[in-house]
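Make a model of the complete structure from these sequences and hints.
2 protein chains.
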Amino acid sequence: MRSADGLSTRQEKILNYIQEFFAKHGYWPAIRDIQTDLKISSTSVVAYNLKALQDKGKINRQGKVSRGITLPNTLGVHNVAHQVPLLGIITAGQPLPDPEEVDVEAADKVDVPLDLASAEKLKDVYALKVRGLSMIDALIDDGDIVLLRRQDSANNGDMVAALLLDENAVTLKKFYQENGRVRLQPANSTMQPIFTMAENVRIQGRVVGVLRSLF
Amino acid sequence: MRSADGLSTRQEKILNYIQEFFAKHGYWPAIRDIQTDLKISSTSVVAYNLKALQDKGKINRQGKVSRGITLPNTLGVHNVAHQVPLLGIITAGQPLPDPEEVDVEAADKVDVPLDLASAEKLKDVYALKVRGLSMIDALIDDGDIVLLRRQDSANNGDMVAALLLDENAVTLKKFYQENGRVRLQPANSTMQPIFTMAENVRIQGRVVGVLRSLF
DNA sequence: ATACCAACCAAACACTTGTGCTGTCAAGTA
DNA sequence: TACTTGACAGCACAAGTGTTTGGTTGGTAT
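Chains as they are written, first to last, in the working numbering: chain G, 1 to 215; chain U, 1 to 215.
Any given hint could be a false lead.
The list treats identical chains as interchangeable, and a pair is accepted whether it falls inside one copy or across any two copies.
Claimed, not checked - Distance condition first, Cα-Cα at most 30 Å in a straight line; then the derived DSSO-like pairs of lysine-lysine: (1) Lys109 / Lys39; (2) Lys51 / Lys39; (3) Lys56 / Lys109; (4) Lys64 / Lys39; (5) Lys39 / Lys24; (6) Lys24 / Lys58; (7) Lys174 / Lys129; (8) Lys24 / Lys109; (9) Lys13 / Lys174; (10) Lys51 / Lys24; (11) Lys64 / Lys51; (12) Lys64 / Lys129; (13) Lys129 / Lys13; (14) Lys51 / Lys109; (15) Lys109 / Lys13.
To be clear, the hints were calculated from the coordinates, so they are not data collected in a lab.
Structure representation (structure tokens):
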């Protein structure tokens, strides 16, 4: 019996098993792991099908190397995501936590896919979970995770986390400095901008990404 | 000589080597790999330092298992990204592309961090890039990447991609079926819902995530 | 001095694991 | 029938690899 891929059912099981094994253990299975768990009679049968999988390009193998089976799209897997610390929760009316004062090592980590940004750029980035709907004009929902890079200045057009001193509130807006005053423009074009004095604004960081999971 | 982490220079070199080895080969190094490449005199020295690293929680080891050294950060599903195909662009007024009709293998891939969803759940998920501001009431901006799971029905409260037949337009809304008609509720509470007949609505998929990069 | 200990060294040992036969068996196929 | 081929079985071997044992070295406290 063959699937659309030209793999026998046994080969598909093996392929699937390899993937699950790695996900579970973090290292690749030995031939005998496959044999035992898939209840295959002999190691040579596994070797036989492994060779078939290799010929079909479904797996990579390094001859003689123990547990040297790898899946093509899993290789170098930790290069596709970078971890940034999840430092806390952002709500309106609360300044952002200072990354310096938090135990970055102990903090939860968030995986950031490297399509969003190179590892280099993620150096000084940390994550915050959004509570409430106060950021909705920045197109950020309750429960979203915001990626911020710590910086205290901004260029025009940057989306920044800005602390408004008079209201003691943090907000995420696009930043524009225009003849002495500051315009904070919501990302949502149906909302109105805030105008205020530059002295009233403290930039706390630049928004560099948003992750939303609806699972 | 010790670093801030309490690791000797040799331990740091080993740790670094393990990471590089995995990035390069896709499987973990054997003790003798470490010994040879780091020009360490004996396997027992490597074993000695490996045990130290393990005690300090810097590596995980599976006794007796060949190449069973793993790094906590890289181990297992939770810290790994999963790739889903980027099938195209979503704009208002255009039905979604049918994943069946697109060469999924050839499509660009988007890395999805597994905090957003387990690999299992990402099985039937694909990604679309958003063009235009038509999804702004779903808190989705121009340039965002939307993750969709293909399905043609939905539960109340699900955020779905709905095709409105009379307008021939796709929109992302929360789905509610209420006494014969359908309410499509924007995620943005300042916007108004759409009411329409069930026959006028085709569910094209469920929104399971959003990625936004502002770099 | 002596004792102690972390770190290192060398070699042997024993388990783990990939490979290489030699067959079997059913399904084509000339 | 006789021959081939794909897929499976069983088993033994050798190479790959983690572990152990006994010893050395240099520093530090007693």
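Hints versus structure:
no.	hint	result
1	Lys109 / Lys39	neither (38 Å within a copy, 34 Å between copies)
2	Lys51 / Lys39	within (19 Å within a copy, 34 Å between copies)
3	Lys56 / Lys109	between (37 Å within a copy, 19 Å between copies)
4	Lys64 / Lys39	both (23 Å within a copy, 22 Å between copies)
5	Lys39 / Lys24	within (19 Å within a copy, 32 Å between copies)
6	Lys24 / Lys58	both (20 Å within a copy, 19 Å between copies)
7	Lys174 / Lys129	both (19 Å within a copy, 22 Å between copies)
8	Lys24 / Lys109	both (19 Å within a copy, 24 Å between copies)
9	Lys13 / Lys174	neither (51 Å within a copy, 38 Å between copies)
10	Lys51 / Lys24	both (24 Å within a copy, 22 Å between copies)
11	Lys64 / Lys51	both (13 Å within a copy, 26 Å between copies)
12	Lys64 / Lys129	neither (47 Å within a copy, 41 Å between copies)
13	Lys129 / Lys13	neither (39 Å within a copy, 34 Å between copies)
14	Lys51 / Lys109	between (39 Å within a copy, 26 Å between copies)
15	Lys109 / Lys13	between (33 Å within a copy, 24 Å between copies)
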